[in-house]
Amino acid sequence: MALPPLVLFITVLVGSQSLFIAGSFHRDLGLGRTSGAWELANYIRVLTDGLYLDCLLTTVRVSAVATLGTLLIAFPVAYVIARMRSRWAMLLLAGIVASTFVTIVVKAFGLMIIFAGNGLLNRALIGLGLTAEPVQLLGTETGVVVGLMQFTLGFAVLLLYSLIQTIPRSFEEAAQAHGASRLRVFRRILLPLALPGLTVGGLMIFNMSMGAFTSAALLGAGRVLTLPVLIQQTIMMQVKYSMAATLAVVLLVTVLLINALSLLLMRRMRTGRRMIA
Amino acid sequence: MRRLAIRLEAPAGRVFAWTVMALAFLFLYAPMMVIAGASLNGSAHGAIVFPPSELTLARYAAIPASQYRAIWISLELAMIAALVSVLIGVPAALGLVRGTLPGKAVVAAIFRAPLQIPAVVLGITFLQLSYAVGDALNLDLAGSFTALAIGHCVIATPYVIGTVTAILQRFDSRLEEAALSLGASPWRVFRRVTVPVIMPGLYAGALYAFMVSFSDVPVSIFLASPDASPYPVEIFSGLEQDFDPSILASATLVIVFCFALMLVVQRVVGLETLLRTGGSGRR
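So the protein sequences, as listed, match chains A and B. Residue 146 in this note's numbering sits at position 146 of the first sequence, with consecutive numbering throughout. Adding 277 to a residue's 1-based position in the second sequence gives its number in this note's numbering.
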């Protein structure tokens, strides 16, 4: 039964992807045309040109910081909802999930208004005496990080909610009944049990951030370039298909490498701990 | 001593947790509230003011026809994406969970691929494919509504597969065996047992598919043309180039529509199904 949809998917997806990746091994000749010869010129250029390397590093940096920030907010929120015994739990969760249904363009636009020179944020900061000059967040890495968090937070809460639900409440209650403090319960019970799921969830959030286009483009305001934004500009403004394809391959490979490395590291950590115990 | 420590700590932990909760809601909803608030303020071409100083609907009256057209195109695309992804996704999920095909893992991976590949990359590749296929078949495919619709169907289908698979995996297949052994034909079993069971997953998946299509920028931005430009792309280019304050008003309408749609679907399938199946592969 899965055959006809599979055929459609293969033509559209695999076909388009292989066409695209093959293109990265040709040279751009301008006006969207590419050379016939197979070469590695684009890859050499990306991996040696400071501009492209900077962009790659920026992408990894803002994605990592945004992932960390998202997890730090999402975990307590998901925990409170998962452990709540009233009807309110579902309503709160629905409120969080509902916010993810609104397109990120609209939400990024809202953030741009809040971040403006005379916007809410600056008026609050100046009113509280925290700063004398308006803080510039649009077009900075901090602004992009906030935009990415706006994009990922709702999904992260939903993800961590189902993770925490798999950890029996009784473990924590038992530890607490024996006098463990909340902090100790968190460190010795909750965190170790949640760590594998947290790592996988964190990687999903990281992957989302690495590929995020809309929020990065709008809040970066052309001054912060992440790879997805650069890829779009390479096509729309420079019409260099091969170069864009090369950047896309670099983005995909970087994401894959970081994922593989983290999972490997986590496995080693766990076997290490088992050996000590 | 110890009892005192617990008593002091418990409220502190609770206060911390609720503070984070309030901040999370503020963070998620502030951008939308600012847009809705600013949309009610001032003349159609004035500056953005929040909180609004005088309430008028001038900006709503000034929404140009082009924005309504873009919203309509987005609605059409989202309905096509929801419909097609159900038609493709339900048999695919059935095949993936029940089928005995060798290489099921590979097939599942291909279906999930649109979730893993950065959306910008998908957008460019769809554009290239539309050029290639258009050239081969002598059609004007690039920049057409058809190309947009096909692209949206591909990015939306994994969500239906995800929700229906999630339901099928927890489905007790003995229900079907019982019906079969009581003499029902396979088709009758499918219609009277299987379909009712997967229905909530189908609705939830269709909602996700609709929303993914309705909110997409990175894929559509490559496939859109002045003739067919979905609403999110229209706002995106409005924000990057010439800003029109009536965007505030139309964006508020879209926000209200999204919440209303979720409320309706929630009524039909129940909140639990929506939330339980939602974690299965959204991005």
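Honestly, I wouldn't trust all of these hints.
Covered by chain B, according to a simulated footprint, are these stretches of chain A (three or more residues, beta-carbon under 8 angstroms) [unchecked claim]: (1) 41 to 50; (2) 58 to 68; (3) 113 to 124; (4) 132 to 143; (5) 200 to 211; (6) 258 to 269.
Hint data in this document are derived by calculation from the structure and do not stem from the laboratory. Beta carbons: idealized from backbone N, C-alpha and C, even for Gly.
Right, here's what the structure says about each hint:
For the stretch 41 to 50 of chain A, the stated coverage by chain B is not satisfied: 0 residues place a CB nearer than 8 angstroms to a CB of that chain, which falls below the threshold of 3. Coverage of a stretch by a chain is defined here by at least three residues with a beta carbon nearer than 8 angstroms to that chain's beta carbons; for the stretch 58 to 68 of chain A and chain B the count is 0, and the condition is violated. Taking a C-beta to C-beta cut-off of 8 angstroms, the stretch 113 to 124 of chain A contributes 5 residues in contact with chain B, enough for the three needed, and the coverage statement holds. With a cut-off of 8 angstroms between beta carbons, the stretch 132 to 143 of chain A has 0 residues touching chain B; three or more are needed, and the interface restraint is violated.
Figure legend: the stretch 200 to 211 of chain A, annotated as covered by chain B; annotation consistent (5 residues with Cβ-Cβ distances under 8 angstroms, at least 3 required). Counting residues of the stretch 258 to 269 of chain A whose C-beta sits closer than 8 angstroms to any C-beta of chain B gives 0, which falls short of three, so the coverage hint is violated.
Taken one by one, the earlier hints fail for this structure at numbers 1, 2, 4, 6, listed in ascending order.
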